[in-house]
Amino acid sequence: MSARSIMDPNPTVLHPDDHIRTAAQYVMENRYRRIPVVDDDGRFVGVFGVNCLLRLVLPHAAIMENGLESVHFARETLADLYRRYCENSDMEIALCMDKEDVETVGPDTPLLEAVLILYRTKASLPVVDPETGKLVGVISYWDLGEKVLAEGGKNDAGN
Amino acid sequence: MTPGTEPMPQVIFGLDPMWFAGGLFFLTYILIMTERVNRAIVAMAAAALMILGGVLTQEAAVRGVDFNTLGLLTGMMIIVSITRKSGVFQYVAIWSAKRVDARPWGILVVLVLVTAVLSALLDNVTTVLLIAPVTLLIADELKVSPYPYLFTEIFASNVGGAATLIGDPPNIMIGSAVGLGFNDFLFNLGPIVLLILPMLLIPFYLLWGRKLETTPERRLKVMRYEESDAIKDKRLLVQSLGVLALVIAGFILGHDLGYQPATIAMFGASLLLLITNFPRKASEQSKEVDRTLADVEWITIFFFIGLFIVVYGVESTGLLELVAHQVIGLTGGDMAVTTITILWVSAIVSALVDNIPFVATMIPLIENMGSMLGDQESMTPLWWSLALGSCLGGNGSLIGASANLIVAGFAERAGHPIRFLPFMMIAFPLMLMTVLISSVYVYLRYL
Numbered sequence: 004m005s006a007r008s009i010m011d012p013n014p015t016v017l018h019p020d021d022h023i024r025t026a027a028q029y030v031m032e033n034r035y036r037r038i039p040v041v042d043d044d045g046r047f048v049g050v051f052g053v054n055c056l057l058r059l060v061l062p063h064a065a066i067m068e069n070g071l072e073s074v075h076f077a078r079e080t081l082a083d084l085y086r087r088y089c090e091n092s093d094m095e096i097a098l099c100m101d102k103e104d105v106e107t108v109g110p111d112t113p114l115l116e117a118v119l120i121l122y123r124t125k126a127s128l129p130v131v132d133p134e135t136g137k138l139v140g141v142i143s144y145w146d147l148g149e150k151v152l153a154e155g156g157k158n159d160a161g162n
Numbered sequence: 007m008t009p010g011t012e013p014m015p016q017v018i019f020g021l022d023p024m025w026f027a028g029g030l031f032f033l034t035y036i037l038i039m040t041e042r043v044n045r046a047i048v049a050m051a052a053a054a055l056m057i058l059g060g061v062l063t064q065e066a067a068v069r070g071v072d073f074n075t076l077g078l079l080t081g082m083m084i085i086v087s088i089t090r091k092s093g094v095f096q097y098v099a100i101w102s103a104k105r106v107d108a109r110p111w112g113i114l115v116v117l118v119l120v121t122a123v124l125s126a127l128l129d130n131v132t133t134v135l136l137i138a139p140v141t142l143l144i145a146d147e148l149k150v151s152p153y154p155y156l157f158t159e160i161f162a163s164n165v166g167g168a169a170t171l172i173g174d175p176p177n178i179m180i181g182s183a184v185g186l187g188f189n190d191f192l193f194n195l196g197p198i199v200l201l202i203l204p205m206l207l208i209p210f211y212l213l214w215g216r217k218l219e220t221t222p223e224r225r226l227k228v229m230r231y232e233e234s235d236a237i238k239d240k241r242l243l244v245q246s247l248g249v250l251a252l253v254i255a256g257f258i259l260g261h262d263l264g265y266q267p268a269t270i271a272m273f274g275a276s277l278l279l280l281i282t283n284f285p286r287k288a289s290e291q292s293k294e295v296d297r298t299l300a301d302v303e304w305i306t307i308f309f310f311i312g313l314f315i316v317v318y319g320v321e322s323t324g325l326l327e328l329v330a331h332q333v334i335g336l337t338g339g340d341m342a343v344t345t346i347t348i349l350w351v352s353a354i355v356s357a358l359v360d361n362i363p364f365v366a367t368m369i370p371l372i373e374n375m376g377s378m379l380g381d382q383e384s385m386t387p388l389w390w391s392l393a394l395g396s397c398l399g400g401n402g403s404l405i406g407a408s409a410n411l412i413v414a415g416f417a418e419r420a421g422h423p424i425r426f427l428p429f430m431m432i433a434f435p436l437m438l439m440t441v442l443i444s445s446v447y448v449y450l451r452y453l
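Going down the list, the sequences are from chains B and U. Reminder that position 82 of the first sequence reads as 85 in our numbering, one-by-one numbering, no gaps. Reminder that position 439 of the second sequence reads as 445 in our numbering, one-by-one numbering, no gaps.
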């Protein structure tokens, strides 16, 4: 068995031109941890999710490479966080999504390897065709969980 | 370490040792300058070729390595790696920003001073790694461009680093090779640094200072910072500052007692490792020590090792002595002309290439010139010129010092990139100004 057998072949996707405000609303309403972003040709270009939203409310100096190790000394309120979010919310998600180092699997990645990567990634896993770069599906905890537990049902039926 | 005592080299294929070593040295320099291959790899490979090619035996190569420089660098890196975890450097930056009521120009001045003082006591790269993120946060709160702040911090780190033995690698190398101590550097180079810093603030003010503006509300946000909360571990703070003070006292007093700086720095490092790890379980200790040792910039250390061997190889063939003769010929053997020439040449070369390989080459070259110019004592102005030129020259361009590139990296990530040419258009003339001030100082004080 391979990744293909446990993925959702018609996942929800975002477009790089979508505005952060819209994408944020969508992520929050549906409680998505992260959603794959695909371009006009269906090619996988990154993921957008709660981590990107957290990044938008934190000061840039703290999240950049070699940035501040701690901001214990700063005194901020929710209003400050909202103001920082508003400064960026009209941007396109292409500018703040995760692009590099996003773990993906191919449709033919063996089942166990895909599950191990899912475990290590701690978020839904985009399934990308290695030849075309197109997104062919997403593996989520919930889909996988349902399918594993369904095995129990099969056994019961067999008995 | 007198290369004259090394056995006559037997170079492969019967090549002339001077040509082989000189060619390898030249190639090493070019490769380091292109930055296509990591500098530690280049230096290590070149050192190995110097031995495999037959210029040096392995024993001779090891004699060429200045372990005092390596020990001092490594020891200080360990101490700083532990000290920074206490949060004391953030504390100092925020505390000083609040002392000037978070006024944009005031903050620029105090951050320049803080950067200069820290650079004098720590290495420049560490200093800017600690100060630049705080700077960006404050500039963000005040809604002012971080560009002037980062630009001036580059200058402050290179100028401040010139003031002490431990402030900048060229000083460490010179002090170690020539036997000049912490106090020698402080008393000879400290005054000129104290003069250059305020002089630099004038062009900084004219360029940026008068245009920096913010609102009272934004200043209030910075004023609300609780600097005392930046201290994450009070115990660690006391321990690490205590050891740091002990080490600096050791540098000041140890020279006359015959203790080399590497011994003092390494003792400080092991003492701090001991007192911070003693209460931990054995397994935790090894994890923690592993983490601390991983913080040592091994690229720099291995770069030094390779470079020392390459330069020693070149020196052992007599090539540097030959060049020294040529230089003396050009300056007519006049001490004043030689001193000022070294200052300016060091500054301009250090602006364009890494000052570490330059100084590593200049030290044996000047030592060779010394035997032609006079006694050891009258040589000291040449060393101060080399130190000042190579440290201050680092300001001349973005690639003049590693700290410059680190700051440029921060500027890039903050969305205010410091570009090579625009930086140089302002930095190079300012660097020349600082070298001019130094020339007057060196001339009046030593010549």
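Source of the hints: derived by calculation from the structure; they are not laboratory data. Honestly, I wouldn't trust all of these hints.
[What the hints assert, rightly or not] A partial selection of chain B residues facing chain U, derived with a Cβ cut-off under 10 Å:
#	residue
1	H22
2	M67
3	N69
4	G70
5	E72
6	Y85
7	P113
8	E134
A virtual CB, placed ideally from N, CA and C, is assigned to each residue, including glycine.
Cross-check of the supplied hints:
For H22(B), the shortest C-beta to C-beta distance to chain U is roughly 20 Å, which exceeds 10 Å, and the interface hint is violated. At about 4 Å, the closest approach between the beta carbon of M67(B) and any beta carbon in chain U falls short of 10 Å, and the interface hint on this residue holds. For N69(B), the shortest C-beta to C-beta distance to chain U is roughly 6 Å, which falls under 10 Å, so the interface hint holds. The closest approach between the C-beta of G70(B) and any C-beta of chain U is roughly 5 Å, which is under the 10 Å cut-off, so the hint is satisfied.
Given the 10 Å rule on beta carbons, the hint for E72(B) holds: about 8 Å separates it from the nearest Cβ of chain U. Hint on Y85(B) is violated. Least Cβ distance to chain U is approximately 15 Å, over the 10 Å limit. For P113(B), the interface hint is violated, the least distance from its beta-carbon to any beta-carbon of chain U being 34 Å, above 10 Å. A cut of 10 Å between beta carbons decides the hint on E134(B): the least distance to chain U is about 32 Å, and the hint is violated.
Hint violations for this structure: numbers 1, 6, 7, 8, all remaining hints satisfied.
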